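S.K.: Chains A and B, in that order, give the protein sequences.
Just so you know, the first sequence maps onto residues 112 to 497 in the working numbering.
Just so you know, the second sequence maps onto residues 112 to 497 in the working numbering.
These are computed hints drawn from the structure, not numbers from a lab.
Since this is a predicted model, take the numbers as computed values, not measurements.
Careful, some of the hints might be misleading.
A pair holds if it fits inside one copy or across any two, identical chains being indistinguishable in the list.
When the alpha-carbon atoms are kept at most 20 Å apart in a straight line, the in silico EDC-like pairs for lysine to aspartate or glutamate are as follows [said to hold, decoys possible]:
1) K284 to E234
2) K284 to D319
3) K413 to D244
4) K167 to E449
5) K427 to D470
6) K284 to E295
7) K231 to D288
There are 2 protein chains.
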Amino acid sequence: MRFNYPDTWVRDFNRLFSFELIRTDRQGARLGRLHFSRGVVETPTFMAVGTQATVKALTPAQIQETGTGIILGNTYHLMLRPGSDRIARMGGLHHFMGWSGPILTDSGGFQVFSLADARKITEEGVAFKSHIDGSSHLLSPERSMDIQRELGSDIVMAFDECAPYPCERRQAKEAMDRTHRWAERSLKHFRGGHQALFGIVQGSVYTDLRAESAQVLTQMPFDGFAVGGLSVGEPKDLMAGMLDACVPYLPTNKARYLMGVGTPVDLVNGVAAGIDMFDCVMPTRNARNGQAFTHHGTVSIKQARYAEDQAPLDEKCPCYTCRTFERAYLHHLYRAGEILSSVLMTLHNLTYYQTLMADMRRAIQADRFELYRNEILAAYAVKSEE
Amino acid sequence: MRFNYPDTWVRDFNRLFSFELIRTDRQGARLGRLHFSRGVVETPTFMAVGTQATVKALTPAQIQETGTGIILGNTYHLMLRPGSDRIARMGGLHHFMGWSGPILTDSGGFQVFSLADARKITEEGVAFKSHIDGSSHLLSPERSMDIQRELGSDIVMAFDECAPYPCERRQAKEAMDRTHRWAERSLKHFRGGHQALFGIVQGSVYTDLRAESAQVLTQMPFDGFAVGGLSVGEPKDLMAGMLDACVPYLPTNKARYLMGVGTPVDLVNGVAAGIDMFDCVMPTRNARNGQAFTHHGTVSIKQARYAEDQAPLDEKCPCYTCRTFERAYLHHLYRAGEILSSVLMTLHNLTYYQTLMADMRRAIQADRFELYRNEILAAYAVKSEE
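All chains, full assembly: derive it from the sequences and hints.
M.R.: Next comes the structure, spelled out in C-alpha cells:
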C-alpha cells in the first residue's frame with residue numbers, strides 16, 4: 112500500500128519542530144532532543160499529565176522544579192471544560208495555565224472511549240455525551256485537529272480509534288484500518304504552523320497488525336509516531352512483543368512516543384525498545400493515593416510502619432519533599448486527608464520520574480544503559496510494597 | 112481580688128520571649144514587635160491557622176512567601192492525630208512540619224467545645240470523645256500545658272472555658288470564673304523555658320464581665336493576654352464594645368491577641384482597638400471555597416462573570432497567583448475541582464491578609480492609620496460579593 116501526499120500537506124511541517132537523534136546504543140536505546148519553538152527537551156523524556164489544564168496539585172513553578180520539560184493536555188477534558196474555544200480566546204493553553212514549556216495534546220480518542228457516555232462510532236467520528244453535564248458532542252479527525260489548534264499545543268496527535276482489551280482480531284483490524292483512514296483525514300485537516308503532528312500505531316495485541324499499522328502510517332508525512340492502545344488492561348508481558356513488532360518499522364529520524372506508559376519498569380523497558388517519549392498518570396495519581404516511587408521501589412506512605420519513620424521518603428531524591436520532610440509527617444498528612452499530602456507526594460513522584468529519565472539519558476550517553484536498566488528492574492522486583 | 116504568686120512561677124517567664132511596643136497612635140492602634148528565640152515578628156500580626164500541622168494547601172516555603180511570620184497550631188486536633196507524644200518523639204511541631212518560624216498553640220478549649228462529642232465539663236477539666244475515632248480523652252489545664260509543651264510551641268495558651276452564644280449572664284460568669292481558676296492552674300503547671308504563656312479574657316457579651324476578667328487575669332504573671340470567646344456567633348457590632356470593655360485593663364507592655372478574628376474589616380477595627388495579634392481560618396477556608404479577599408473587596412471566583420476575565424485576581428497583589436494567572440484560569444480550576452485551585456487561592460488570600468497587616472503597620476508608623484482603616488471599610492462596604 113502506498114499513499115501519494117500532495118506537497119501542500121507538508122508545507123509547514125517541521126518548520127518549528129524537529130527531532131535530533133544523538134546516539135543509539137547497541138540494544139537500541141536512543142538519546143535525542145526534541146526542538147520546539149518553546150525550547151529543547153532531551154529524550155528519552157517523560158511528559159507529566161495535565162488533564163484539565165493543570166498537572167494535578169502542582170503549580171507550573173513546581174512542575175518545572177521536578178525537571179519536567181514537556182507536559183500533556185487532554186483534548187477530551189479540555190473541549191468539555193472550559194472548552195477549547197474559550198481557551199483560544201484566553202490566549203491558548205500555555206498562556207491560560209501559565210506553562211511556558213512545550214505541550215502535547217492527545218486526540219481525545221482514547222478518553223472518549225474510556226470516559227464518555229452513550230458513544231457511537233461511525234466512519235465520520237465518535238458521537239458521545241459529556242461525562243460532566245450530558246451534553247452531546249462529536250469528535251472526528253477534523254474536529255480533533257481544530258480543537259488541538261485552538262488549544263495551541265506544540266505536538267498534536269492524530270485522531271485514532273483505540274480498540275478495547277480484550278479484542279477479537281477482526282475488531283482490532285477494523286479499528287486499525289479506521290485509525291489509518293482517520294490518520295489521513297487528520298493530516299489533510301492539520302494546518303501546521305508551530306504545531307507538529309504525530310500518527311498513532313494501533314493493532315491491539317496482534318503483532319502482524321502492529322507491524323502493518325507501523326508500515327502504513329510511516330508512509331504518511333507525520334512528524335513523529337506514537338504507539339497507542341497499550342497499557343489498556345492487557346497482560347504486562349505482551350508490551351515488549353508489541354513494541355518489537357512495530358518499532359523496527361518506525362523511521363530512526365523521527366520521535367517515538369509510547370502512550371500512557373507507565374511504571375518505572377515499563378519506562379526502562381520502553382527506552383530499551385527504542386522509545387523516546389512517555390506519558391502516564393501513574394506518578395501523579397498514585398501520589399494522591401499515598402504511593403511513592405523511590406530508588407528502593409514503591410513506598411505506601413499510609414502504612415503504620417511509617418508513623419514514626421524519620422527518614423526522608425527517598426534519601427537519594429533531591430526534591431523539596433525529600434529535602435524538607437520526614438516520612439512520619441507525610442504519613443500524618445495522608446492520614447489526615449490534607450491537600451499538602453497530594454502536593455508533596457506529587458512533587459516527589461514527578462521528580463523521581465524525571466530523575467529516572469535523566470539517569471537513563473546519562474546511562475545511554477555513557478554506554479551503560481543495560482546496567483542501569485537492570486538496577487531499576489532489581490529495585491522494583493524486590494522491594495516494592497502492595 | 113488579689114492573687115499572690117510565688118516568685119518561682121515567673122522564674123523562666125520572658126527569658127526568650129518579649130513584646131516590644133514601638134508606637135501607639137492617638138486612637139490606640141499599636142506598632143510593636145514580638146521577640147522569640149526563633150526570630151522577630153512585627154505587630155499587628157496575623158497568624159495563619161495550621162490546624163493539623165499544616166496551613167492547608169501550602170508548603171512551609173509558600174507560607175513564608177505570603178509574608179506570614181507566626182502560625183497557629185490546634186492542640187485539640189494534634190493531640191488526637193497524630194498525638195502530641197508522637198510529635199514530641201518526632202522532634203516537636205516545628206521540626207515535624209518543617210516550619211522554622213514561631214508557632215502559637217491554642218489550649219484546645221475552644222475546639223473541644225465546638226468539635227468534640229459527648230463532652231462533660233467539671234472543675235477538673237473537660238472529658239470528651241474524639242470526633243475522629245470516638246476514643247475518650249480529658250483536657251484540663253495541666254493536660255493542656257503538657258500537650259503544648261510536647262508540641263513545643265513558642266506561645267502557649269491557658270486552658271479556658273469558652274461560653275457559647277447566646278449565653279445567660281449567670282452561665283457566662285460561671286464559665287469566666289472557671290476560666291480564671293483554670294488560668295491559675297495553667298500558670299502553676301506551666302514550665303516556661305522557651306515557651307511564653309498567654310491568659311484568655313472571657314465574659315461572653317457582658318461588658319462588666321469582660322472588664323472583670325481582664326482585671327483578674329492581669330494580676331497573674333502571663334506573658335500576654337488574649338480576648339477569647341468572640342466571633343462565636345454573636346452580632347458583629349458587639350465586638351467593639353467588648354474590646355472597649357476589657358482592653359483598657361490590659362497592660363500596655365504586653366501583647367494583646369484577639370482570638371479567631373476575622374474579616375479584613377474586623378482586623379482594622381481590632382487594630383484600632385489596640386489589638387496586636389489575630390488568627391482566623393477565614394483566608395484559608397474561604398480560599399478553598401473560592402472566595403478571594405482583594406483590594407476591591409471579596410471576589411467569588413466561581414461566578415460565571417469570571418469565566419473569561421483576563422485580569423489577575425487582584426491587580427495590586429504581589430503574590431504568585433496574581434503575578435501568574437488570570438481570573439479565567441482560577442475560575443476554571445475551581446469549577447473543575449482541582450487541588451491547584453485551593454493552593455493558588457490560599458496563597459493569594461494569605462498574601463492579601465499579610466499585605467493588609469503590613470499596610471496597617473506602615474500606616475501606624477506614618478500616623479495615618481485612621482485614614483487607612485477608612486479605605487478598608489469602604490472597599491469592603493461597597494464592593495464585596497455574596
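S.K.: Just pull the numbers of the violated hints for me, sorted ascending.
M.R.: none
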